[in-house]
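Novice: Each chain, letter by letter, is given below.
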Amino acid sequence: MSILYLYAIVDQPDLDLPATTGIDDTAISSVRVGNLMAVISHIDRDSVPLNKNNLLCHERVIEALMHTRAVLPTRFGTTTAHLEQIQKTLEAHSTGYSANLDRVRGRVEIALRVGWEPEPEEPVTRPHAADVANGYDYMMALRERTQSSQRRRNAAIDLAAKLTAGIVELADAVVETVLPTPQLLLKAAYLVQHKHVPEIRQRIGALRAAYPALAILATGPWPAYSFVEEGVA
Amino acid sequence: MESTEWDMTDVTVLDLLDRALDKGVVLWGELVISIADVDLIYVGIKAILCSVDTAERMREVAWQNLVDSQRN
Amino acid sequence: MNPQDKETDLSVIATDEDNKLICASDNLATLAESLTTVRTIAPNRVVLDPDKVEQGLAQLVLTVIELLRQLMERQAMRRVENGTIDDAAIERLGLAFMRLDERMTELKKTFGLRDEDLNIDLGPLGKLM
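Residue numbers (our numbering), protein chains in the order written: chain V, 86 to 318; chain A, 650 to 721; chain F, 368 to 496.
Derived from the structure by calculation, the hints contain no laboratory data.
The reader is advised that the hints may include incorrect statements.
Per label pair, the in silico range of CB-to-CB distance [to be verified]:
1) F:482 to V:250: 32 to 38 Å
2) F:446 to V:130: 55 to 61 Å
3) V:203 to F:463: 31 to 37 Å
4) F:463 to V:229: 28 to 34 Å
5) V:184 to F:456: 46 to 52 Å
6) F:486 to V:167: 43 to 49 Å
7) A:671 to V:257: 20 to 26 Å
If the Cβ cut is set under 7 Å, some of the chain V residues that face chain F in the computed set are [stated by the list, open to error]:
8) 200
9) 203
10) 210
11) 214
12) 223
13) 268
Quick reminder that beta carbons are idealized off the backbone N, C-alpha and C, glycines included.
Just need the whole structure built from these sequences, with the hints factored in.
Specialist: Listed below in C-alpha cells is the structure:
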C-alpha cells in the first residue's frame with residue numbers, strides 16, 4: 086500500500102523544490118493550494134518506521150526547504166492515503182497557515198534544557214485523612230504543603246528568569262516550562278531571527294560558565310517545531 | 650550516569666526526536682500519524698547506557714509502556 | 368555554520384546534525400530522564416480493549432475529579448490565607464476534603480489505579496500532581 090508522507094507546509098510555491106530526497110530515498114513533490122504548498126513524497130509502505138535514519142531524513146528535507154522559504158514543519162509520521170485530503174486541509178486552514186508562516190519566516194528554534202539538583206527537602210506530599218485528627222488540622226497541613234510547593238516553585242521561576250533573560254530579549258517568541266519534572270529546572274524553546282543566532286550561542290555558552298552547578302543542554306538551530314500554532318490544526 | 654557515557658551526537662538526535670514527535674503541525678482527520686516500531690526510542694537509550702542487559706530491559710519497558718499507553 | 372549560509376537571509380541551517388549542539392555541560396545526568404523518557408507515539412490511534420474500557424473510564428473520571436479537587440483546595444487555601452474564613456468553617460472544609468480524600472483512595476483501589484495514572488500532563492501547566 087502506498088501513502089503520502091508529509092514533511093512541511095511552505096510558502097512560495099513557484100520556487101523549485103530542493104534536490105534532497107525524502108524517506109526511503111523517494112523524490113519529494115508538492116501539493117499546491119493558492120500561495121501555500123504541502124511538501125510530500127510517495128512512500129511504498131503503510132506506515133513509517135520510527136528510526137534514526139527516517140527522523141534525520143524528515144529533518145533534512147525540512148532544513149533544505151528552509152534555505153529559501155518559510156517552513157512549518159509537520160510532526161514526524163504524518164501521512165495520508167489521499168491527496169485530496171491534503172488539498173482540503175490547506176484550503177480550510179490557509180489563513181492560519183499563512184499567518185504562521187509569516188511568524189516563522191527567517192527564524193529558527195533554539196532549544197534549552199536546564200537540569201539541577203535542588204537542595205534535598207522533605208517531599209511535599211498530600212496529607213491524608215488518616216494522618217490528622219480533625220478537619221482544621223487537615224487544612225493546616227494542606228496549607229503548609231501549598232506554601233512549601235509555592236516557595237520551591239518561586240525559587241525555580243526566579244532562577245529560570247535570571248538565566249534566560251539574555252536569551253528572551255533576543256527572541257520573538259518563547260515557550261517555557263519551569264519544573265516540568267523536579268530535576269528539570271527549565272525546558273524551553275525560543276524563536277529567534279537568524280541574525281541573532283551567533284549572539285545567542287555566545288550568551289548560552291556564557292551561562293555554562295556562570296552556573297557550573299547546573300546541567301545545560303542547548304541545541305539548534307532547528308525548524309520552528311514548537312511555534313506552529315496548534316489552533317490551526 | 651557519567652558524562653563519559655553520553656555521545657554528543659545522540660544527544661542532539663534525542664532532542665530532535667522529542668521535538669519532531671511532540672511538536673510540529675498536526676493534521677488530524679484523514680491524515681494520521683502512522684509510525685511503526687519503537688526502535689529509535691530504545692536505540693536512543695542504548696546509546697547512553699553501557700550494559701547490554703540494561704538496554705534489553707529498557708527495550709522491554711519501552712514496549713510495555715507503549716502497549717499500556719494504548720489504553721488511553 | 369557554512370559560510371554560504373550568510374548569503375541568503377533565509378538560509379539558516381547547516382544540514383549536518385553534528386552542528387546542532389550549542390552547549391552541553393559535563394553534568395548531563397539530571398537531563399537524562401527528560402531526553403530518554405519513552406513517550407506515547409501515534410497519540411491518535413486508540414486501541415479499544417473491551418476488558419480495559421471500564422478502567423479507562425474510571426481513570427478519566429478520577430482524573431477530572433482530581434483536577435477539581437486541586438482547584439477547590441487552591442480556592443480554600445486562598446480564603447484561609449486571606450483570613451476571610453473562621454475556624455469553624457475551616458474545620459468543616461477540612462472534614463469535607465478529608466472525606467473526598469478517603470473516597471478517592473477507595474476508588475483508586477477499586478479500579479487498580481495509582482496516583483501516577485491520574486497525573487495527566489497539562490502541557491505548559493506541567494503535570495497535574
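Novice: How about residue 203 of chain V: closest beta carbon in chain F under 7 Å, or not?
Specialist: violated (10 Å)
Novice: Hint validation: residue 210 of chain V versus chain F, beta carbon distance must be below 7 Å. Holds or violated?
Specialist: Hint violated; residue 210 of chain V Cβ to chain F Cβ min 10 Å, cut 7 Å.
Novice: Does the CB of residue 200 of chain V sit less than 7 Å away from some CB of chain F?
Specialist: Cβ of residue 200 of chain V sits 3 Å from chain F, so the hint holds.
Novice: Taking the Cβ atom of residue 184 of chain V and the Cβ atom of residue 456 of chain F, is their distance within the range 46 to 52 Å?
Specialist: At roughly 50 Å between Cβ atoms, residue 456 of chain F and residue 184 of chain V fall inside 46 to 52 Å, so the hint holds.
Novice: In this structure, is the beta-carbon distance linking residue 203 of chain V and residue 463 of chain F contained in 31 to 37 Å?
Specialist: The hinted range 31 to 37 Å holds for residue 203 of chain V and residue 463 of chain F, with Cβ atoms some 33 Å apart.
Novice: Quick check on a hinted range of 32 to 38 Å for residue 482 of chain F and residue 250 of chain V, using CB atoms only.
Specialist: Holds, at about 36 Å.
Novice: Going by Cβ atoms only, is residue 268 of chain V closer than 7 Å to chain F?
Specialist: Holds. Min distance 5 Å.
Novice: Hold the hint about residue 214 of chain V up to the distance rule: shortest CB distance to chain F must be less than 7 Å.
Specialist: OK, holds: residue 214 of chain V within 7 Å of chain F, min 4 Å.
Novice: Does the hinted range 55 to 61 Å hold for residue 446 of chain F and residue 130 of chain V at CB?
Specialist: Because 59 Å falls inside the window, the suggested range holds.
Novice: Check the following: the C-beta atoms of residue 486 of chain F and residue 167 of chain V are separated by a distance inside 43 to 49 Å.
Specialist: violated (38 Å)
Novice: Restraint: residue 223 of chain V near chain F, CB-CB cut 7 Å. Satisfied or not?
Specialist: Hint holds; residue 223 of chain V Cβ to chain F Cβ min 4 Å, cut 7 Å.
Novice: Evaluate the given range 28 to 34 Å for the C-beta pair formed by residue 463 of chain F and residue 229 of chain V.
Specialist: Violated, since residue 463 of chain F and residue 229 of chain V (Cβ atoms, about 19 Å apart) do not stay within the stated range.
Hint compliance for this structure: hints 4, 6, 9 and 10 are broken, all remaining hints hold.
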